[in-house]
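Number of protein chains: 2
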Amino acid sequence: MLELYHAEPGANSMKPMICLKEKRLDFLSHYVDLLAFEQHAPEFVAINPNGQVPVLIHDGAVITESTVINEYLDEVFPQTSLRPADPVARANMRIWSKFVDEYFCPALSMIGWHVRIRQTAKSIDKERFEKLLERIPLEEQRQKWATIGGDSFTEEQLADSRRRLVVSAWRMENLLLAGPWLAGETYSLADLNTYSMAVALPRLMPESVSPEKTPRLLDWLARMNARPAVKAALAMTRRDPKTGKRLDIPVTAS
Amino acid sequence: MLELYHAEPGANSMKPMICLKEKRLDFLSHYVDLLAFEQHAPEFVAINPNGQVPVLIHDGAVITESTVINEYLDEVFPQTSLRPADPVARANMRIWSKFVDEYFCPALSMIGWHVRIRQTAKSIDKERFEKLLERIPLEEQRQKWATIGGDSFTEEQLADSRRRLVVSAWRMENLLLAGPWLAGETYSLADLNTYSMAVALPRLMPESVSPEKTPRLLDWLARMNARPAVKAALAMTRRDPKTGKRLDIPVTAS
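So the protein sequences, as listed, match chains Y and D.
Residues in the first sequence are numbered from 154 upward in steps of one, following my numbering.
Residues in the second sequence are numbered from 154 upward in steps of one, following my numbering.
Excised from the complex, chain Y in its bound form (with noise of 0.2 angstroms):
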């Protein structure tokens, strides 16, 4: 049996659900309500000791780290295979998650807690929020956490995580000169690890991001809107997109 515990379908939650939907897997969803705190609770830890989503449990294997579930779950459904087969084009796969996950996400993490969590983390009292900052099992997730119910980050920072944005695109569309794909000619977990970073970013940057100076982002973010698997990971929102409160409809499997 597969469970994946997650939070909404954006940032490394969505990764492996639409990797999921891309294998039409059945599998039971946890959603991990992240503004609730609940991906430090002791359940939760219990699971996860690093406190984070996504995590995959396959027949009571624990898998985290969202690209390697994807990994992982390429290689034991290699049905809708999802790796290159010619090895280079799988280490380009491969060096673009890594890219990915070392330098885009966290720049993007970082607005992104500035401009949205921020408003959570503001809104709870003090006493309560000492509290749950003393349950956060990694040190480096309580500072980024103490950083954003205190001053926030500086504006120095934010330039940077910025400006590395508009290299993460600037990138993006030059590999994409390469190819249709962001490992070459075949659709790829480089493009669905991708997604739901790039998704946020003709809105976030237009200046950087346009018709005229990223036409290939733009052509290949419209090949992934279109994908009945991208859709499907949309829909699992437990949200309402305008309110943002949380809506309690249970979400079925697949």
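A hint or two may mislead.
Note that identical chains are pooled: a pair holds if it fits in a single copy or bridges any two copies.
Claimed, not checked - SDA-like mimics (lysine to any residue), calculated; alpha carbons at most 25 angstroms apart, straight line: (1) Lys-251 <-> Val-320; (2) Lys-366 <-> Glu-292; (3) Lys-366 <-> Leu-291; (4) Lys-176 <-> Thr-396; (5) Lys-284 <-> Phe-306; (6) Lys-251 <-> Asp-212; (7) Lys-284 <-> Val-215; (8) Lys-384 <-> Ser-305; (9) Lys-297 <-> Arg-316; (10) Lys-366 <-> Asp-304; (11) Lys-297 <-> Arg-324; (12) Lys-284 <-> Pro-394; (13) Lys-284 <-> Asp-239; (14) Lys-284 <-> Ala-274; (15) Lys-251 <-> Ser-262.
These aren't lab readings, by the way, just hints derived from the structure by calculation.
Keep in mind it's a predicted model, so treat the numbers as computed, not measured.
Given the structure of chain Y, go ahead and fit chain D onto it with the hints provided.
Showing chain D alone in chain Y's frame:
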């Protein structure tokens, strides 16, 4: 034909060096002298636009990123398989290698730069140093060199890196509770991707890495030191271990 551009047998350069030796593959060794800034020379940037080692060239295809290079080598040359056959153990191998890349290595790197590379940066005259900075392709690398050539990292940053090294050692010890190797029962890329980072720990942090506190880590290190492939990679040094000066001895392929 296989060619490897690499620096000394340490840090990320050493990862594919051990891998190639484990697989007994012949390769042409191209030594890139990092302290002479050869990694930023136009000839090298033409090969890897990021100006970083190691780089593998296989029949003309350029593969970067040491962790990706090693998976590529294991895929293309399956003799002496270095990835566990069990997909869960293989996922654990990737999760640990990712941790080394994103957490352990950057922490060690900051300490290494502060302690060793700083001397080199300080020994260069200011005008030449500015010129060298200009040709560094990655903004992040340029910032790092500017930092090390200036006031270096702050005490707070260095203390945080030392804390991360303790976390890394503790995580290794914890993994080695579950099996003799970092991904479980089988020697794998998880081990050889970690060796060059872990080898300095007993000397760097005797208070945290010791027979009393980390017996499993030290036992693992002794088993790694005894491997012929590790010895062969270590023998590929081009610097006098005492003076640090470059020795112009041509090193043969294998």
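Verification of the supplied hints:
{"no.": "1", "hint": "Lys-251 <-> Val-320", "in the structure": "both (15 angstroms within a copy, 22 angstroms between copies)"}
{"no.": "2", "hint": "Lys-366 <-> Glu-292", "in the structure": "between (39 angstroms within a copy, 21 angstroms between copies)"}
{"no.": "3", "hint": "Lys-366 <-> Leu-291", "in the structure": "between (39 angstroms within a copy, 22 angstroms between copies)"}
{"no.": "4", "hint": "Lys-176 <-> Thr-396", "in the structure": "neither (32 angstroms within a copy, 57 angstroms between copies)"}
{"no.": "5", "hint": "Lys-284 <-> Phe-306", "in the structure": "within (22 angstroms within a copy, 32 angstroms between copies)"}
{"no.": "6", "hint": "Lys-251 <-> Asp-212", "in the structure": "between (27 angstroms within a copy, 24 angstroms between copies)"}
{"no.": "7", "hint": "Lys-284 <-> Val-215", "in the structure": "neither (28 angstroms within a copy, 50 angstroms between copies)"}
{"no.": "8", "hint": "Lys-384 <-> Ser-305", "in the structure": "neither (33 angstroms within a copy, 48 angstroms between copies)"}
{"no.": "9", "hint": "Lys-297 <-> Arg-316", "in the structure": "both (20 angstroms within a copy, 17 angstroms between copies)"}
{"no.": "10", "hint": "Lys-366 <-> Asp-304", "in the structure": "neither (34 angstroms within a copy, 39 angstroms between copies)"}
{"no.": "11", "hint": "Lys-297 <-> Arg-324", "in the structure": "between (27 angstroms within a copy, 21 angstroms between copies)"}
{"no.": "12", "hint": "Lys-284 <-> Pro-394", "in the structure": "neither (29 angstroms within a copy, 51 angstroms between copies)"}
{"no.": "13", "hint": "Lys-284 <-> Asp-239", "in the structure": "neither (50 angstroms within a copy, 41 angstroms between copies)"}
{"no.": "14", "hint": "Lys-284 <-> Ala-274", "in the structure": "within (12 angstroms within a copy, 45 angstroms between copies)"}
{"no.": "15", "hint": "Lys-251 <-> Ser-262", "in the structure": "both (16 angstroms within a copy, 19 angstroms between copies)"}
Consistency with the previously given hints fails for numbers 4, 7, 8, 10, 12, 13, ordered from lowest to highest.
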